[in-house]
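Novice: Sequence:
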Amino acid sequence: GPNGELPGEFDIPLSDCPLNKSLTVMQIPDYDSLVSSWLETNGIFPGVKLIIESRDDFDGGINCKIDNNEVRISSSIASLVKVSQED
144 GPNGELPGEF DIPLSDCPLN KSLTVMQIPD YDSLVSSWLE TNGIFPGVKL
194 IIESRDDFDG GINCKIDNNE VRISSSIASL VKVSQED
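Reading the sequence shown from the start, the letters are residues 144 to 230 in my numbering.
Source of the hints: derived by calculation from the structure; they are not laboratory data.
Treat the hints with caution; some may be incorrect.
Listed next, the in silico DMTMM-like pairs over lysine to aspartate or glutamate satisfying Cα-Cα at most 25 Å (straight line) [to be verified]:
#1 K225 with D210
#2 K192 with E152
#3 K164 with D199
#4 K225 with D154
#5 K225 with D173
#6 K164 with E152
#7 K164 with E183
#8 K208 with E196
#9 K225 with D202
#10 K225 with D175
#11 K208 with D154
#12 K225 with E213
#13 K192 with E229
#14 K225 with E152
Let's have the full structure, built from the sequences with the hints guiding it.
Specialist: Below, the structure is given as structure tokens:
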């Protein structure tokens, strides 16, 4: 890209991201109003920065920190949230 970004780093499923990296939400599913309203209620919408603190090996759910809030996101929802990763 024009600022030296790597291609594809703006469309990573949240479920695939590493722990303890600064991530910015780029996209949430707009075709599923239940999911998108749950995400928005929990402060997850485009432009929000978050960090994945831990991942549950049992079911793949992730524990995120957004500002000072802890939010647990199931693996199925996390795979629908697209983020960009900063180095």
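Novice: All hints are to be evaluated individually against the structure, with a verdict given for each.
Specialist: Now for the hints, and whether the structure bears them out:
1. K225 with D210: Given pair K225, D210 holds - Cα atoms ~19 Å apart, limit 25 Å.
2. K192 with E152: 15 Å, holds
3. K164 with D199: 17 Å, holds
4. K225 with D154: Holds: K225 and D154 sit about 5 Å apart, inside 25 Å.
5. K225 with D173: Roughly 12 Å between the alpha carbons, so the hint for K225 and D173 holds.
6. K164 with E152: 13 Å, holds
7. K164 with E183: 21 Å, holds
8. K208 with E196: Given that 25 Å is the threshold and the Cα spacing comes to 7 Å, the pair holds.
9. K225 with D202: Judged against 25 Å, a Cα distance of about 20 Å means the pair holds.
10. K225 with D175: 15 Å, holds
11. K208 with D154: At roughly 20 Å apart (the allowed maximum being 25 Å), D154 and K208 satisfy the hint.
12. K225 with E213: The hint holds at about 19 Å.
13. K192 with E229: Judged against 25 Å, a Cα distance of about 10 Å means the pair holds.
14. K225 with E152: 10 Å, holds
Hint check: no violations occur; every hint is consistent with the structure.
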